[in-house]
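K.L.:
Chains as they are written, first to last, in my numbering: chain A, 1 to 224; chain W, 1 to 257.
No lab work stands behind these hints, which were simulated from the structure alone.
Among the clues, some could well be false.
Residues on chain A that point at chain W, a partial pick, calculated with CB under 8 Å [said to hold, decoys possible]:
(1) Arg3
(2) Leu74
(3) Arg79
Now the stretches of chain W that chain A is said to cover, found in silico as 3 or more residues with beta-carbon under 8 Å [as the list claims (entries may be wrong)]:
(4) 205-213
(5) 239-247
Don't be surprised by glycine CBs; every beta carbon is placed ideally from N, CA and C.
For reference, the chains in residue letters:
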Amino acid sequence: MLRGDFDRSLMELQNGLLELGLLVEEAIVKSMDALERRDLTASFEVVKDDEHINRLRFKLEESSIDLIATQQPLAIDLRTLIAVLQIAVELERMGDYAEGIGKVSMIIGDEQVFEPIDDLKRMSNYGIEMLRRSLQAWVDRDVEAARQIWDDDDKVDSLYREVCRDLFSGMSREPKRIERSTHLLWVAHDLERIADRATNIAERVIFLVTGNTSPDKTDATGTG
Amino acid sequence: MPSTESILRTDNLSVYYGTKRAVTDVSLDVPSNQITAIIGPSGCGKSTLLRCFNRMNELIPTASTTGKVYFHGEDLYAEHVDPAEIRFQIGMVFQRPNPFPKSIFDNVAFGPKINGFKGDMAELVETSLVRAALWDEVKDRLNASALSLSGGQQQRLCIARTLAVKPQVILMDEPCSALDPIATLAIEEVMRELAEEYSIVIVTHNMQQAARVSHYTAFMMTEESRTGILAEYGESRQIFTNPRDERTEAYITGRFG
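With the rest of the complex left out, here is chain A (with noise of 0.2 Å):
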């Protein structure tokens, strides 16, 4: 392969990583709509799709396996590939974590949604955007960008324990509530889950331009 033709097949790896973002993105802000609004088909559709999702990733791990035995690549290649191949990774349990939203809407029914639906679309706007953020920090190989991302996380976290709070002390006055309170529960750490897996995509961010592949919150530059 020449080096052109290797640069274009780099090129195209990056861009079937992105349309894997989108459709993690599309199938998170689907589930929730779906949760909110007792769309039972909608959430249906989410589980079946994650199919899709999981083809895409071991189809980026295939080919990035093609270009490693082929090309033997050093340097910003090396990283791009190896970083693509945890990315991708990544992406795949996101959506992983939109199908659990989706079972779960699944397994409430009929029932109405009410608390803390308020609390767990925050968390998820949350998610969506750092997912965003982290992806076109990739595209525009920010570190500083990447490394906000944590920042993100932490407000994530603090809105779960608080939604966890408020579940738990529902649970405690009114016991009925107990079986649908334990199934958001589940959404909250799936949604806690996706910001944490967006932190992680920030991170190969910052190896791929650094090198770093343990880069640290006060690690502006990433040198290492």
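Following the hints, position chain W against chain A.
P.N.:
Below, chain W alone, put in the same frame as chain A:
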């Protein structure tokens, strides 16, 4: 720069062929008991630099140097230093295996003989061949011609020949470029084992080889009017995963050169 003690060091070394400068202001520390690879595009001065480490460049009539080369901290080019003696201490293995048209035994015994070696020659030959990972393949035919060996075996014989005169440093100028992948791996294994006792400097065009086998890598290049500059030097791991210099990055990812 390597943190371990250095055995060879150049200080602002420039090499000229006539008026043409082939190496420009190279300052480089070669660490003891490590493998240091020199990589770079053709004509970037890597073999020229390698030859300065045992004064072989002096054999080229028009060659001259400025700057310093130190061996164990002593000026290698000082007047009292005997280049022939230096070439025993700092041996060289070449691109194409060049055994003498003599027996396998005599090839290895040649250096020690002219050095006036008085000990057990058979033992010295055996030890040298064992270290070069050739003994098992030739022990039953030490009197056969060295030219009857395969290319990979001939190259290991040349390594054994270098080892027989008990060098401290082994210089290798593309030692695997004429060999197939299996013979290449055999040489690389020998190199890794030898690095426990010797310091090795290898010039190679094969970046995967430099990445596989060396501890440190120096990247040389030519920039406009400056031929043979040292662009980057560091741990091989760092050079091949995360080079600091964008010129190194461009070269090792195949974007120039």
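K.L.:
All hints, please: hold or fail.
P.N.:
So, going through the hints one by one against the coordinates:
| no. | hint | in the structure |
| --- | --- | --- |
| 1 | Arg3 | 5 Å, holds |
| 2 | Leu74 | 5 Å, holds |
| 3 | Arg79 | 7 Å, holds |
| 4 | 205-213 | holds (count 3) |
| 5 | 239-247 | holds (count 4) |
Hint compliance for this structure: every hint is met.
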